[in-house]
Amino acid sequence: DVTGNGPVNIKVHKATQFLDEGDSVISRYPMRSKPRGLVLLITLINYVSNQKVRRAAELDHRNLQELFEQMGFEVIARWDLSAD
5 DVTGNGPVNI KVHKATQFLD EGDSVISRYP MRSKPRGLVL LITLINYVSN
55 QKVRRAAELD HRNLQELFEQ MGFEVIARWD LSAD
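Mapping of the sequence shown onto our numbering: residues 5 to 88, in sequence order.
Fair warning: there could be bad hints in the mix.
What the hints assert, rightly or not - Listed next, the in silico SDA-like pairs over lysine to any residue satisfying Cα-Cα at most 20 Å (straight line):
id: 1; residue 1: K56; residue 2: A87
id: 2; residue 1: K15; residue 2: K56
id: 3; residue 1: K38; residue 2: A87
id: 4; residue 1: K18; residue 2: V52
id: 5; residue 1: K18; residue 2: G41
id: 6; residue 1: K15; residue 2: L71
id: 7; residue 1: K15; residue 2: M35
Bear in mind the hints are in silico, worked out from the structure with no lab data behind them.
Just need the whole structure built from these sequences, with the hints factored in.
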């Protein structure tokens, strides 16, 4: 369901070959380490200056966290951060 009413069914398929080697003109992020990297996922649901609560952000957060974890990244999740 991509309407925002439910979780997205995410299934990442593992690569059978890597294209991160060679003398390519375009540099690529290496994807062979475990974890593959870190993802800082910041989700804002409650704004200090706004009375509206972003309930759909919780679902977006879960979907993004699932995607990055399936891709082999370590996810660091933070909620409602402020400048303080």
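* 20 Å Cα cutoff - pair K15, K56 -> Not satisfied, since the Cα-Cα distance of roughly 32 Å exceeds 20 Å.
* Given the hint that K15 pairs with L71, test it: the Cα-Cα distance must not exceed 20 Å. => 8 Å, holds
* Does V52 lie within 20 Å of K18 when you go C-alpha to C-alpha? -> 41 Å, violated
* Asked: Keeping to a limit of 20 Å between CA atoms, is the pair of K18 and G41 held or broken?
  -> 16 Å, holds
* Would you mind confirming whether the straight-line C-alpha gap from K56 to A87 stays at or under 20 Å? => 19 Å, holds
* **Given hint M35 paired with K15 - CA-CA distance at most 20 Å** => Within the cut-off at roughly 18 Å; holds.
* Between K38 and A87, does the CA-CA distance stay at or below 20 Å? -> With Cα atoms ~32 Å apart, K38 and A87 exceed 20 Å; violated.
Hints 2, 3, 4 from the list above are not met by this structure, while the remaining hints are.
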